[in-house]
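Protein chains: 6
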Amino acid sequence: MDADPPDLDCFRLVDEPYYTPVGNEIALFEAAYRAQVPLMLKGPTGCGKTRFVEHMAWRLQRPLITIACHEDMTAADLVGRYLLDAQGTVWRDGPLTQAVRGGAICYLDEIVEARQDTTVVIHPLTDERRVLPLDKRNEVVAAPSGFFLVISYNPGYQSAVKDLKESTKQRFAAIDFTYAAAAREADIVAREAGIDAGLAEKLVRIAAASRNLGHRALEEGASTRTLIRAGKLIARGIGAAEACDMAIVAPLTDDADTRGALRSVVAACL
Amino acid sequence: MDADPPDLDCFRLVDEPYYTPVGNEIALFEAAYRAQVPLMLKGPTGCGKTRFVEHMAWRLQRPLITIACHEDMTAADLVGRYLLDAQGTVWRDGPLTQAVRGGAICYLDEIVEARQDTTVVIHPLTDERRVLPLDKRNEVVAAPSGFFLVISYNPGYQSAVKDLKESTKQRFAAIDFTYAAAAREADIVAREAGIDAGLAEKLVRIAAASRNLGHRALEEGASTRTLIRAGKLIARGIGAAEACDMAIVAPLTDDADTRGALRSVVAACL
Amino acid sequence: MDADPPDLDCFRLVDEPYYTPVGNEIALFEAAYRAQVPLMLKGPTGCGKTRFVEHMAWRLQRPLITIACHEDMTAADLVGRYLLDAQGTVWRDGPLTQAVRGGAICYLDEIVEARQDTTVVIHPLTDERRVLPLDKRNEVVAAPSGFFLVISYNPGYQSAVKDLKESTKQRFAAIDFTYAAAAREADIVAREAGIDAGLAEKLVRIAAASRNLGHRALEEGASTRTLIRAGKLIARGIGAAEACDMAIVAPLTDDADTRGALRSVVAACL
Amino acid sequence: MDADPPDLDCFRLVDEPYYTPVGNEIALFEAAYRAQVPLMLKGPTGCGKTRFVEHMAWRLQRPLITIACHEDMTAADLVGRYLLDAQGTVWRDGPLTQAVRGGAICYLDEIVEARQDTTVVIHPLTDERRVLPLDKRNEVVAAPSGFFLVISYNPGYQSAVKDLKESTKQRFAAIDFTYAAAAREADIVAREAGIDAGLAEKLVRIAAASRNLGHRALEEGASTRTLIRAGKLIARGIGAAEACDMAIVAPLTDDADTRGALRSVVAACL
Amino acid sequence: MDADPPDLDCFRLVDEPYYTPVGNEIALFEAAYRAQVPLMLKGPTGCGKTRFVEHMAWRLQRPLITIACHEDMTAADLVGRYLLDAQGTVWRDGPLTQAVRGGAICYLDEIVEARQDTTVVIHPLTDERRVLPLDKRNEVVAAPSGFFLVISYNPGYQSAVKDLKESTKQRFAAIDFTYAAAAREADIVAREAGIDAGLAEKLVRIAAASRNLGHRALEEGASTRTLIRAGKLIARGIGAAEACDMAIVAPLTDDADTRGALRSVVAACL
Amino acid sequence: MDADPPDLDCFRLVDEPYYTPVGNEIALFEAAYRAQVPLMLKGPTGCGKTRFVEHMAWRLQRPLITIACHEDMTAADLVGRYLLDAQGTVWRDGPLTQAVRGGAICYLDEIVEARQDTTVVIHPLTDERRVLPLDKRNEVVAAPSGFFLVISYNPGYQSAVKDLKESTKQRFAAIDFTYAAAAREADIVAREAGIDAGLAEKLVRIAAASRNLGHRALEEGASTRTLIRAGKLIARGIGAAEACDMAIVAPLTDDADTRGALRSVVAACL
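Chains as they are written, first to last, in UniProt numbering: chain R, 1 to 270; chain B, 1 to 270; chain W, 1 to 270; chain E, 1 to 270; chain H, 1 to 270; chain P, 1 to 270.
So here's chain R without its partners, still in its complex pose:
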């Protein structure tokens, strides 16, 4: 294993991030990491993809560099650029280049939001070459064995306009994520919000109902994150119904009918 450059130490996870596996995703991630097959995590908002990557980085003892992709992000934002200094122009590595040099796990969150030049930039890192060409420096950085590329992708979002190119998709092995099963989700909510198991189970029932409302009423159902936040508010003394309204119902929709349906669900479950 390569020695990491010292300045990636701030990207190392000291404490184990809490994560209880759904299936054998830990084994799949480790096999992909060992086989150097880049990985795509597919699933809805707030179902634990980010937490899983953090857990695996801790488990594999790798620094983790996370990059939230957006449509104004350019290749230079990933790779680096020349900046003007008192001594003239100075090259500054971008976060992807840092991850490659330092043998870190690089996590590109919601990659489909990025412009094409971003996705093309990672191509040479995702085939047998495992290199990152820095055209502007005339340098080709070879990835050490510790480097690993993970991207996330929310299939519920994709439209014809914004989707990964076929030649990008086929460069990744994929693991499907979804919300945890009810018992495990209640566990997570109780632990993270600091509430008792009974209340957590009720919140999970609310979320399950919201996820069954269907695409026409809600773009997505309530995520585990919203349950945790409702729990935290209840733990601070807010009434359960009011906390659910504030953390679950109101953020999800402004449509009066859908709000009514959600509030009936909340009333029935609490």
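Honestly, the hints are just simulated from the structure, not real lab data.
From a predicted model like this one, the values you see are computed outputs, not experimental measurements.
Think of the CB as a built atom: it goes at the ideal place given N, C-alpha and C, for glycine as much as any other residue.
Hints may be right or wrong, so weigh each one.
[Said to hold, decoys possible] Below, a list of computed lysine to aspartate or glutamate pairs in the EDC-like style, where the Cα atoms sit at most 16 Å apart:
id, chain 1, residue 1, chain 2, residue 2
1, H, Lys165, P, Glu219
2, R, Lys42, H, Asp255
3, W, Lys42, B, Asp254
[As the list claims (entries may be wrong)] Covered stretches of chain W (in silico footprint by chain E; criterion: 3 or more residues with CB under 8 Å from a CB of chain E, positions within the stretch not fixed):
id, region
4, 42-52
5, 61-70
6, 93-106
7, 219-228
8, 231-244
9, 251-263
Mind docking chains B, W, E, H and P on chain R? Use the hints.
Chains B, W, E, H and P only, in chain R's frame:
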């Protein structure tokens, strides 16, 4: 509580901003602040969201940094950028970074107007990480406990084109705002415009009627702000009808029929 | 009243700009100025809005900074920017910042032409805060009592694409402008073009007829300005019909039928 | 009359540009110049607008600065900008600012091609103020009496997308141009191409026929310029039919039918 | 043969890249290279075009510079640009210019993704001139005999919006690529993934079935690359069905029906 | 004749470029050059326009500066720009300015691809003024008599969106180009590819058939250039059918039916 950097003192509110609560929004805000659950304030133009945030900043003794979002605002406008100086390039924190470092309340007004890179930038601040990565500086700023993020959102505006991403919405608990009840609104108008209670009540009746005209006639009804301004003009000696025309009717619409309807309302209420 | 910085002296009007009021617009402007209620002047091209603002600036003894808005104008064009100097970057106030610091009247002409970031920049100046945040300088400039914001708006132009946001409109009291009544308009034309009253009345009759042709034939009728220019050309020896053709008919339209109609009007009125 | 800055001497016309008037356009231009009424010259391609302006600049003894407008031209291209120099940033006047300072005639050719910020920049120069505000320098340049603004406009081109704003149009008096009458056009062609009168008359007949083909066949008919060029080629020994093909038929259209029609016209006229 | 500049040594392939020819593509490439006829490789994602170019670069002993094209790539990204240094601006060759100067093989991957200025930049290199004009340096670089230009093109992708201009297409001779025949593909998969021949044949049968599903179900079938990766995961201990799901089924589609069909194929073949 | 600046020597053609005239285009070019009438060469891809210009530059003993136009080319790319140097900003002439100063022939290839600011920039060079205004330098460069402007234009390409403005077209005399007659084309192919006359004739017959397939099957038929390249490959030992497939059929189309038709043509002609 963290010590604030001295240069945020200019963002502290010295005098209590006048605010009379509608419901238990003060308790909800405080619970969210203590639980570190970011907050979204939903409601129409000029119904008091900004004033409420100012009041809470004063009550919680936090500096308040307000940022009016617009479609040309970039992530760098929030986070900071390198500027060229006599000594070469120098980093300058943007207002969001200042708020994070200084443990301030950061209020992003009308966030939906901003481009996606802005909304994505706040993601790591709104989940359990509570950090702001400054990619261009290779720095990750951890938010002190005093930092709190509040955004506003006007549901009446949103179109399919401009809306928050689902993964952004679910990162916030939400409080609904609407115009104050008639008596409280009259109170506010009388106090802020310096007019007597009777006149204020008449103005509030005009506003209520305008809000009932429906979306087809007016995009939004008269806000509390327009009532205060009509009152101020009357207090400066302008006739009541003329002041209402100038501060309420003329700004709201150029359509002759709707103006006629509004003027009948004004005549009937005064 | 605050002392003005000396460098706004070049924006003070020394001679009284000629203006004869239509109604009580002078009183309305003064009341709005004293009550610190920002003002929107609504009306067609060339009906005297700019001249009215100049007159009021002279009457209120305030410097006047006029900014013609256009779709390429950015917030930085209003607020200011850093420029590179021999000593590194230097901040340079934009015209809006100058107006705020110096307590001037700032007139944003045809504000609807500007991009959204411009209109959002003025929001904190138009509510109770009356401040201009200079994000890039981490400075908040408080407006002295002499500062006053006036914008103009041509309702005939507005389309769905380009209109002010509701939250901007409701920040202004509005005064409607239209062409002056015939007698007063003839007065203005005679005085500004240096022609006798009889000829000025004829020109005004031509304009009135052009304004009645309706939107299908002409986007707008002949403005007072075109009458003054026709008068000036006549005063320089050009024949009346030819001067009207040059200053009124030819600029308004290239459509042969509409030109024919306008020329009949000219022939009938002269 | 103001003294011109020496560096506009290169914009003075030493020799009289050949121009034979069609009507009283010379008197109209002079009256507009003396009355300081900005001028718009309307007419098709190559009918002599540019030559007329050159002639008038020579006649009025004014330097002439010509600017060909295009859709990528910015306000800064007209007004000036800061450039980085060894001593830091230095302001450099644009051609419009030079023209204003130097009291020149400024000719904006095909202004409708420019972006809106260009057209708005000239507004304060075209009303009673006659000033050019240099916002970036905090300077307002007053135009000396010798400054005069002329724009050209081709009505055949205009579409709904690209047209002058009403508030711009009404700032100019307009003179219509069209192709010269046959005898005068033949005169011009003979003189400029160096061919005899008989041949020039034949070329003019060809052009007249092309101009009658109608918009469906040709966007515009053959301009005087194409006739002069056909004449020049004939004077260099090219056969008359071949020269007409090369200078008139081939440039105008690639449509086989229209070419056939034009060639019949050429054959019939020669 | 020209001497290569030393700094292209890092672009030389030391070990023979594994490649088993399908037909006589090696002879065709060599003939085109000797005849200096630029080459276009046509074919679907992951069928071995990049590997073939690497093999030929090794075989012909030429450095290989690969450039992944994307829609934000500018001509300057290929050709070079001036950078600001302590000594002022310094020119830096782009990768295409380096390839020309050094007599390398330059491989423009997915050229159709690039903007038109990129494709136009290569025109003078692809006709008899074989030069690269560096307009900004006023330099014309003549390509040495060792320089060779290869582009790739995926016909399955092209739409009316994004296609090569006719005048670009005709500058290249083309070789069609498709997936290798079953036996050869199994050979490649076994070798690269480190699995036995029987398993490799099964994986190839899965891919063949996926390629027959048709465009409506899948934009493209499983590439050889996905088979290799499934093999690698199996070699790391992941179950065969699970590895196929992760490396083949999940990356290709999110559609439940198509996934079902693919999984039946996987079950039938294993 | 003006003395050329020494640094255009690299743009002089030392050896006569091979060119056999179709008609009297050499005389027409010379007459236009002597009469200073700018020239437009019209015709399809690869029919010899560029070679003709090279031949004429050699014949007229003028340096030749060729510029391939594209939609990202700006006026500054043609005219020049200020660059930052150790001594501050330095002006650098663009290729068009160099051509004007040096009295070169300037060839703008496929001008219709360029943006409007490019085409407008050449206007003052193409009428009687023959000057190039460098607005940013406040300099007007007069073209010496040796300067000549030639543009190319492919009528097959033009759409309503991308076409020259009428006021640009009429500034040029035009010469139509098309593929050479069969005998002459065979001559060219034999000479340039180094093959015997019989084979060249066969290739020409293939091209002729492809040009008759019509627009629906092929956007353009096979150019002379593709024939030469097929010939070169045959001369390097590739079989004739395979060489035609590689140099003619495969580059032209991916449509299976059209490929079939073309291959039948190839089989029939060889």
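Right, here's what the structure says about each hint:
1. Lys165/H / Glu219/P: holds (10 Å)
2. Lys42/R / Asp255/H: holds (13 Å)
3. Lys42/W / Asp254/B: With Cα atoms ~9 Å apart, Lys42/W and Asp254/B stay inside 16 Å; holds.
4. 42-52: Coverage by chain E holds here, the residue count being 3 at a Cβ distance below 8 Å.
5. 61-70: holds (count 5)
6. 93-106: holds (count 4)
7. 219-228: Since three or more residues must qualify, the claim that chain E covers the region 219-228 of chain W holds, with 6 doing so at under 8 Å.
8. 231-244: Coverage by chain E holds for the region 231-244 of chain W (7 residues, Cβ < 8 Å).
9. 251-263: As far as the region 251-263 of chain W goes, the hint holds, because 3 residues have Cβ atoms under 8 Å from chain E.
No hint from the list above goes unmet by this structure.
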